[in-house]
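Engineer: Single-letter residue listing:
2 protein chains.
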Amino acid sequence: MPVQLAVSAAETHTYQLLVHHILEGAVLAAPEQEIVYRDRHRQTYRQLRDRVNRLASALTSLGVSEGDTVAMMDWDSHRYLETYFAVPMMGAVLQTVNFRLSAEQLIYCVRSSNASVLIFHRDFAAVVDAIRPHLPELRQFILIADHNDLASGPTEIEYETLLTSGSPQFSFPVFDENAVATTFHTTGTTGNPKAVSFSHRQLVLHTLAVTAALASQPDGQALRRDDVYMPLTPMFHVHAWGIPYIATMLGIKQVYPGRYEPEMLLGLRQSEKVSFSHCVPTVLQMILSAAESKGIVGLGPWTMLIGGSALPRSLQSAAESSCLSALAGYGMSESGPAIAIARYVGDGLDRATALCRAGYPIPLVQAQIVGDDMQVLPWDDKVQGELVLRAPWLTASYCGDLEASQSLWRGGWLHTQDIASIDSNGAVTIRDRIKDVIKSGGEWVSSTQLEELILQHPGVRDVAVVGVADQKWGERPVAIVVGKNEFIDQSVVKEHLQHFVDAGNLNRIAVPAEILFTESLPKTSVGKTDKKQLRERLNDGISSTDA
Amino acid sequence: MPVQLAVSAAETHTYQLLVHHILEGAVLAAPEQEIVYRDRHRQTYRQLRDRVNRLASALTSLGVSEGDTVAMMDWDSHRYLETYFAVPMMGAVLQTVNFRLSAEQLIYCVRSSNASVLIFHRDFAAVVDAIRPHLPELRQFILIADHNDLASGPTEIEYETLLTSGSPQFSFPVFDENAVATTFHTTGTTGNPKAVSFSHRQLVLHTLAVTAALASQPDGQALRRDDVYMPLTPMFHVHAWGIPYIATMLGIKQVYPGRYEPEMLLGLRQSEKVSFSHCVPTVLQMILSAAESKGIVGLGPWTMLIGGSALPRSLQSAAESSCLSALAGYGMSESGPAIAIARYVGDGLDRATALCRAGYPIPLVQAQIVGDDMQVLPWDDKVQGELVLRAPWLTASYCGDLEASQSLWRGGWLHTQDIASIDSNGAVTIRDRIKDVIKSGGEWVSSTQLEELILQHPGVRDVAVVGVADQKWGERPVAIVVGKNEFIDQSVVKEHLQHFVDAGNLNRIAVPAEILFTESLPKTSVGKTDKKQLRERLNDGISSTDA
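So the protein lines, in turn, are chains A and B.
As numbered in this note's numbering, residues 7 to 553 make up the first sequence, in order.
As numbered in this note's numbering, residues 7 to 553 make up the second sequence, in order.
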């Protein structure tokens, strides 16, 4: 019998771009390729296909049909990958839940998604028990507990038990490519989480365009068939940047690390020969520190695509010292997420500068920088404006929030709220978040630039620069520094910055009058520095350890 | 000023997949990258963009508007590339004309395309003069004559003169992605040429999917940013397999060889460092012979994607001896054309076998083999059936030929008329054309297999096997051989084949009773062996030099 996924005979030559098509060819071409989960479980692509069929079949038996929503709450796992395919392929919607949210936010997210089924890892059993009474629409709970039937009551079933009940054959329907495939909530630092959604067409186009961009990158900056892939961005977060779909389409070996524990990550890298990952700078820093503390010298070859926040030069160079090739990408929850990828081609620009900027827009992306009145600004790598975007995979709206949606799409372009410059070759450099830009004495101060420069001091581990209200200057920059040792103090940092002022690389007024020191910076649920919290603390006068 | 293509403000977040988007990012990222035409002309991507704008602007002045058709008749050139973009981007339709057709066929093709403008190279002036009186709908002729104003009369203008009259700025419209972008006629071996067409959506999806497939191939089998590309399949033929669109999207250096002259091709390879091309086996053979006769030993690194006809093992191995990496692809005019690409990954299958088969379907392609009643046949690399396809870039119909269109899409799948087997990993091997299969004594004989085996004899340069009517056997195979020297004769070939019979690799009844010798085989206008002509000759009893 042909090894293939069932396809409805209703599909004619009006071909729909469906998530289905990402899976089918790869499973065929690489049936024995492996998908690994921690040190616990290994399965082949052939088994992935069977389990996707079983999951869809079992969910159908539970009453899930086209248009229904299934919510998912797991660490990064092979099971998460199964839901990435099975749920959208059924015509249902996958809601990926950020398990780091508060109970209140979780209730808000799951309820607004209209989910009728929740799949959750046993690690989240307590919080699920807490929110369950507030979610009457949830009629079925699927517990991930490795066959341990801890399920409580008739509305709960264990994931592996459920799969056993399903059929390894399932006939997936064909439907319009604009059907919603996934939804999740952005973890903005203001207000309630906002729901974004992506259609099958958007996921397929994102997968193709990012594959075209990544596979054609220079050696050491690329993702190709012979790589081993391990995500280090949570799978609830914009489909782990869409890379699991790409890895599957190419038939690449995939390693899912579950909960991010440094020892486990380093162990998997070594034992499974992981060669491509992606993460926020904080996770990269965590890995480098863990390796250092364990006395591991070389981590390469390991290409690490960095997003979420700017990739500091100091971190990029620390990574390279460990034989790890770190390059920046740019995107956001609303943009699917991939928009641009850095690329070093040896064209005069030094390697660190080339790899630390947001980089070149990937195929089909249109990028512009605009002023307040949407006037298009020149591309000279200097002039800064808000980065606005068009691409076929940008979210169409925030579900149910007309006002925010209109603001997002003002003038027919998606507004990133990032301040950027673009060079004459179209390469994007992010200068700051609009909200984080500091206006001091009538001049713009880039918090990102200051952070970047302060981080270049060898005694600095982490830093955040925020604006605080000031009667004289309007706002003034304050730097909050995490030092590596006791030798770092305010005067050392200021002296360090003065060198850049003297060299003409930093505006004199940008040097923070106040530099505070702390043990660690608050981070958001996706690992970015929580500047909102810092600003609130500072403006309330509750600063941490003063210098 | 930002270096960018003008984009209409009417485009909102309902993003249309337009050919426009293939061009814009690349031109930005690689403005100084080169496009070379023979030893005559060099231009940058920046100039490409300006010239595309000028061409569109000038064509608009000539009255060309959305939905109009512009016919193109040139050798492979930078100007052809300009029409690939400018004409579809205007919303007009590019008709690529096969200049090897007879005057009668040319009239048929140009008339049925409803072209109002014809762009043609001076080399084709005589034939254009001959067909012109029969094409009253053609109201404008654009002559490619390198500024030599040989234009005859008020309806004719020279191409470079025309571009000078155009503006380097042009605001391209945004329209539905399903608008037709290109048309051309398939040069089938039976009946009138049939018109196929491709939409913007189809071209964009083909470009993305083929890029994803080619860029992620193993080293030496891939097309990536640092390659230098030269087409060796005419640009009138299915957009030179779509590779000029891919090369442009990736910002790759492109070399256009004009008329295919072996000395020029070898010279360009060397001087421009060409590293990726594609062609039919005949052209590869021509290049190898030319290199041999000039005493050139190494031709590599040069990756050559082979399509149109099967890639014989003997030719693949001859290519490798010249440091040229030849791999097969599979496609047809109706399929956009790319469907599958061979890949050697060292997984047990030997390199030549892996690289000579049609290979793995590229992303989004669905392939099946079916029997006479459309029953799906098993994938065991042995069972053979007609290869049928689905992909988002298959032509929807033969324009104006309902019956042929229905036959093409019988049962909702595109019928290739190729007999194939598929292995358990989805890799396709083409066994024969349906029309070329020989039924002898109730058994199927594969003409392709016989040709492949006969070509393995070192004394054979070229061969075709066709069936001729036979009272006793129904049909019997006849081989027509082009020898390399006088030592090859019927008995030598038969003895050579007998080895394969003895080894169990060839059915005894497949050994041709009759083997004829000739100086050269007739070829179709795209370089395939014209078996129809051979069959007619043989069945009329007009054989060539008898053995």
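Hint data in this document are derived by calculation from the structure and do not stem from the laboratory.
There's no promise every hint is true.
Given that identical chains are not distinguished, each listed pair holds provided it fits within a single copy or across any two copies.
[As the list claims (entries may be wrong)] Result set (SDA-like, lysine to any residue): computed pairs, CA atoms no more than 25 Å apart in a straight line:
1. Lys279 x Gly352
2. Lys534 x Ser327
3. Lys534 x Glu520
4. Lys279 x Gly226
5. Lys478 x Asn431
6. Lys388 x Glu38
7. Lys300 x Ser108
8. Lys538 x Asp232
9. Lys478 x Ala358
10. Lys534 x Thr524
11. Lys279 x Gly354
12. Lys538 x Arg44
13. Lys500 x Pro268
14. Lys279 x Asp225
Engineer: A separate judgement is required for each hint: does it hold in the structure or not?
Structural biologist: Structure-based check of all given hints:
no.: 1; hint: Lys279 x Gly352; verdict: between (28 Å within a copy, 19 Å between copies)
no.: 2; hint: Lys534 x Ser327; verdict: within (24 Å within a copy, 55 Å between copies)
no.: 3; hint: Lys534 x Glu520; verdict: within (23 Å within a copy, 77 Å between copies)
no.: 4; hint: Lys279 x Gly226; verdict: both (15 Å within a copy, 23 Å between copies)
no.: 5; hint: Lys478 x Asn431; verdict: neither (40 Å within a copy, 71 Å between copies)
no.: 6; hint: Lys388 x Glu38; verdict: between (50 Å within a copy, 21 Å between copies)
no.: 7; hint: Lys300 x Ser108; verdict: neither (34 Å within a copy, 76 Å between copies)
no.: 8; hint: Lys538 x Asp232; verdict: neither (42 Å within a copy, 44 Å between copies)
no.: 9; hint: Lys478 x Ala358; verdict: neither (38 Å within a copy, 77 Å between copies)
no.: 10; hint: Lys534 x Thr524; verdict: within (17 Å within a copy, 74 Å between copies)
no.: 11; hint: Lys279 x Gly354; verdict: between (33 Å within a copy, 22 Å between copies)
no.: 12; hint: Lys538 x Arg44; verdict: neither (35 Å within a copy, 60 Å between copies)
no.: 13; hint: Lys500 x Pro268; verdict: neither (34 Å within a copy, 68 Å between copies)
no.: 14; hint: Lys279 x Asp225; verdict: both (17 Å within a copy, 20 Å between copies)
Checked against the numbered hints above, the structure violates hints 5, 7, 8, 9, 12, 13; every other hint is satisfied.
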